Every structure is written in structure tokens, then in C-alpha cells.
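Colleague: Sequence lines, in order, name chains A and B. For the first sequence, our numbering begins at 1 and goes up steadily by one. For the second sequence, our numbering begins at 1 and goes up steadily by one.
If you are wondering where the hints come from, they were derived from the structure by calculation, not from laboratory data. Quantities reported herein were computed from a predicted structural model and do not represent experimental measurements. Here a beta-carbon is modelled for each residue, glycine too, at the ideal position from N, C-alpha and C. Treat the hints with care, as some may be off.
[Unchecked claim] Listed next, the in silico BS3-like pairs over lysine-lysine satisfying Cα-Cα at most 27 Å (straight line):
hint, chain 1, residue 1, chain 2, residue 2
1, B, Lys129, A, Lys133
2, B, Lys129, A, Lys144
3, B, Lys9, A, Lys140
[Stated by the list, open to error] Computed list of chain A residues with no C-beta within reach of chain B, every gap over 12 Å:
hint, residue
4, Ser51
5, Glu95
6, Lys196
7, Val231
[Claimed, not checked] Reference listing, derived: stretches of chain B covered by chain A, where coverage requires no fewer than 3 residues with Cβ under 8 Å from a Cβ of chain A:
hint, region
8, 209-216
9, 287-298
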Amino acid sequence: MTLNGVSTSAAVAKQDAAAKPIVTLRGLKKSYYRGLIELPVLDGIDLDIPSGAFEALMGPSGSGKTTLLNLIAGLDRPTAGTIQVNGVNLSSMSEGALADWRARTIGFVFQSYNLIPVLTAAGNVELPLLLTKLSASNRKDRVKTALRIVGLEERMGHLPRELSGGQEQRVAIARAIVSDPTIVVADEPTGDLDRKSADEILDLLVKLNREFGKTILMVTHDPAAADRASVRRHLDKGRLLNS
Amino acid sequence: MTYRTMLIKNAFRNRFRSILTITGIGVAILAFVFLRTVVDVWNSGLTAAAEDRLVTRHKVSITMLLPRTYYDRMGNQPNVSSIGYANWFGATYPKDEHSFFANFAVDDDNYLNVYPEIVVPPDQLAAWKADPAGAIVGQTLAAKYGWKLGDKVTLTGTIYPGDWTFNVCAFYTTTNRAIDKSSFLFHWKYLNDGPISDRMREQVGWLVIRVKDPSQGSAVAGAIDSMFESSEAQTLTESERAFNLSFISMYAAIFTAMDVVSVVILLIMTMIVGNTIAMGVRERTHEYGVLRAIGFTPRHLMVLIFGESLFITAIGGALGLLIALPIVNGFGKFIEDNLGSFFPYFAISSGTVALAAVLALVVGLASAVLPAWTAARLQVTMALRRLG
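The shape of chain A in the complex, shown without the other chains:
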């Protein structure tokens, strides 16, 4: 099985190279400001995430999980410290370069799916490919492949409102992987789903990690979801408690 040219054996080879960290955080701090009042969210995070890992990030509300995920995904800038992802120092990149980097490197899965309601499943999956120079037929092939991997090839012409919550999230995963990113970040991917659908989504994430070698960082409150990850990390009051 392949995902845009990445074979299963290649994925295994990637996992073998797990010793090399794909994400390196040093002295990472992030604060928000309400007027002149500083509200620290992350307080000096040092972290190495190996390539091909499936890590779950847990912690109470307000502990800084989503903020940490956003920083690693290049959606936000740290107040202090450095972020190196896949050998690239994100702190030194311009907004445009960062957007381009995100398109090539990161696949996003959100809690509430975040599909564009007026686009079909195929249209939603194709969105990241509009940023590439691929031809229309190449884009179509990739969309089909991504939807086949998530088991929704037959639903490619359906609008989001014609799909169940679990199916919508699978379309969102197809969108996250269609451009063959190195890392998939998932923010509460099962938060809006029933147990059965949540298990299907988690199965899919495990498959992406094991068969396609994707590094997966998942924020979750759900211990059952966290159990599917190879590493669980806990955040509290902006600090990493243990690994």
C-alpha cells in the first residue's frame, strides 16, 4: 500500500530512524497578554519527539496542550525559546515561508472536523493540493488515494452535511494526509465522536503511524485515546510533568 509514493517498507525504514528527533523544543515559553497583564501558558518546555512517533499530549483544560501543538505546527510564535521541526528553525521563518512550510510538512486534524460545508468530500481533501503545482488529474488521483485510505472513496461526491461525524473526521484525516506531510497534528480528534466512531478514527491514526510512518502528535482528554499512542505526555500549568 502506498500513500503518494511512500511505501509501507519505507515507512518502516522511517520508524527505524526514530532515534533522530523530528521535533526539538528548547526553553519554550508562551505568554498571552491581557492589556499589561502577562498570562503565561507554557513555561520553559524542553522536548524531543522522535521521527515516526505517535505521541499523546494530555492535561487539564488550560494546561497549554493546544498552544504547544500550535507552536509545533507553526501556527503560533513562541514568546521565548526555539522550535526546530524536521531540521527547520520555525522562529526565523517569515509568515509566508511558514505557511508554505505548513502546507508541505504538517497535516491538521481538528476536533470539529472543520470541513468547508459547500465543498464535497473530494473538494475538501483537494484543498491543500491547490497550493501545489500538481495537474488536475494528479490532484484527483491523490484525492482518491487519500479517501481510499480512510475508507470513503465511495463518498467522495458527498457534502459534509451528508456524512456522519465519524465520516466527516475521516475526510478531515484524508485532507491532512493528501499532501503527504511528515507530521500529523490532531487536536482532540475524537472529542466530538461516539466511542465506536472514535475507535475507528484512532485505528486510522495508528494505521497512518505504523503503515505510512507518519509522526503523529495528538492532544486528547480521553485516556482511551491516549492509550493508542506509543508515548503519553502530561502538561500541567504550562510544564511537562513526565513522559
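Guided by the hints, dock chain B onto chain A, whose structure is given.
Modeller: Same frame as chain A, now just chain B:
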């Protein structure tokens, strides 16, 4: 899928709102086209002016008369090919006294020579010349009142009191659509020999001169005016264009107001489209956050928002022009029949269509500036926190 597909789908995401907006743009374009057409047609008097025609009138006012003897003296000027004269008669038609049409007493021999755009069939022209009470009637005016050749028409004089009866001898048409086709012309001699006060006898309202070389027009005008400089009735000679402009400028305030209203219409249109686009952008803030997260840049969002705005205004503009053509041109027929003296023709010009189309697109761009700027400045994480 392409960006175009996306922006079209976005444009019709809230169909009711989009249809209302498109209809609003269509109506605004219709109003704009109508007002521009009124102003254009009113100003067409300037385009109707011939380069080789001069008009001489009393220096003080057009309402003051000049001695007819000026006609003979001016004819001796070098570079003058022909001269005609006319008096404003200002009579009304008793059967329709609230309607207005221009009626002039003109000289038999030369008036039509200085206006080659006025075409009268030769046999009818001969009949008119042979009948002292004969009248030449514009095609539109004749059609309005159903006058036929040989009909007797009585007008009631206001400047020259009394009932004046004329025989309809000829109909005229024009080769230039900007020239009035609803005028009523009759012999100056009929007026001069009629029951008028002695001080008005042997007087003319204005003289129209055709010059051999248009580049010598101002020299001829200067020579004519200096000829009568020491006379009791001094003259003012100007090009026909300047003469027409003096009439047009009398109503300048009205047409300036129309121009202002046209601009107001465009501003309203900008606000209608701007509001629709802004609402769409506000509702889609979360989606823009998602697009930014997956790699879309602020420039991509701006392309989508400007494209959507242009798409909506293009449809609205096309709709407006589509309905404006039959409505304004249909209404124009009514205006030509009833207000032909002011609006000899009333039709949308290609210039107005092009202007409306360009302005619709400019409005499309202007309306999207603020929403696009707002979307481009969104912080991804803030946008993602907004409810979808």
C-alpha cells in the same frame, strides 16, 4: 476544483442574501444608466453643433431682437457661405396646451441651407415655399398629433398674441439624431406681415452663419461683432457649440445634481456589496483559520474574497445592464414622443454601458478591500478559536 470553483461556491453560500445583493446591484446599475443617459442626451446638443456654424444674437440677451438688415450686411463678409435667420415664436397648441414643442419663424431662402442635417422632400419643400402660411413639421411632432400634409393647424401666440393658422406643407427628418425632430417651422414673412407690434416688425431673433473654413470661425465672429460695435443693437457671435452650451448650462445645477445622485448610487452599491462580503467573511472567519492552517497565505484569502466580490458585482452589473437596455430604451420612446424638444433621442450609449460595466467592477474591488484586509490580518490561532 479550482479557486474559481471555491469563490463561486462561496458567493452562493447564502443564496437569499446573494440574490438580494445581486438584485440591489442590478437596480443600482439601472438607475445609474438611466441618469447617465439623461445627462448624455441632454449634452448631445454639443455633439450636434456643426464646426462650421456660428450664431449671432443680441449682445445683451437672446430675448432681444436684431434688425433684419444685419442679414444683408453680414452676407458681405468674406468666408461666409450662407446665412439664415429665425425668430422664436413661442406659441402653444390649444388642443394640448401643456405640451411643449419648439416653433420658429425662419427665412425661406437660406435657413434650411445652413442646416443640411434637416431633410425635407423636394416636392414638399416646393409646396412650403409656395404657401405663405405653410409650415414644415418635424416627423416626431407630426406623428404625435397625427398631422397630415394639407392639415390646418392653429397655434396660440404668446410672444406674438393671437391665433395663427398654418397649413402643414412638409415634414422633415434629420440625418443627425441629436437634432430635434419635433419642431414647427414657418415663414418669417408670415410672422412679419402678421398682426404684430411695429417694434417687432423687421426684427429677427438670431442669425445662423455657415463659414467656408471652420478654422476662420472666430475671425468671422470677431469681424461681425466689430461691424455692429457702434450700432444700437450690438451683437454677440459665437460658435454653435458655445451657443448650445449657454442653453445647456442654464440647467447645469439639475444635471450636476444628477451626477451627484449617480455617485451616491455607486456608493450605496459599494456599501451593499461591502456589507454582503463583510458578513460572509465574518461568518467564515473560522474557515479562513483552517485554510491558513493548511498552508493558504493571506494573499490566497484576498484572492478568494476579491474574486467573490467581483463575481457578485459582475453578475449584478450584467443583470442591471440587461434590464436597463429594454427599460431605458422603451422609456426613451415615450420621452422622444413627448419631450422631443429637450431629448431628440433617448437611448443608452455604448459609452454608458462600458462606464457602468467598469464601475461595477471597480465597486466589486472597492467593496472587498476592507473585508479582504481584515481576513488577511487574521491570526490563525484566533481565527480557529472563533465558532464556525
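Colleague: Look at each hint and say if it fits the structure.
Modeller: To see whether the hints hold, each was checked on the structure:
Using a Cα cut-off of 27 Å, the hinted pair lysine 129 of chain B and lysine 133 of chain A is violated, with the two alpha carbons roughly 82 Å apart. Taken as a hint, the lysine 129 of chain B and lysine 144 of chain A pair is broken in the structure, with Cα atoms around 89 Å apart against an allowance of 27 Å. Restraint check: the Cα-Cα separation between lysine 9 of chain B and lysine 140 of chain A comes to about 19 Å, which is no more than 27 Å; the hinted pair holds. For serine 51 of chain A, the requirement that its beta carbon stay farther than 12 Å from each beta carbon of chain B is met, with the minimum near 21 Å.
Remark: the non-interface label on glutamate 95 of chain A conflicts with the geometry, its nearest Cβ contact in chain B lying 7 Å away (cut-off 12 Å). The claim that lysine 196 of chain A lies off the interface holds: its Cβ sits roughly 24 Å from the closest Cβ of chain B, which is beyond the 12 Å cut-off. Listed as outside the interface, valine 231 of chain A is consistent with that label: its C-beta sits roughly 24 Å from the nearest C-beta of chain B, beyond the 12 Å cut-off. Look at the region 209-216 of chain B against chain A: 0 of its residues bring a Cβ nearer than 8 Å to a Cβ of that chain, fewer than three, so the hint is violated.
With a cut-off of 8 Å between beta carbons, the region 287-298 of chain B has 10 residues touching chain A; three or more are needed, and the interface restraint holds.
The structure does not agree with the numbered hints 1, 2, 5, 8 stated previously, though it agrees with the rest.
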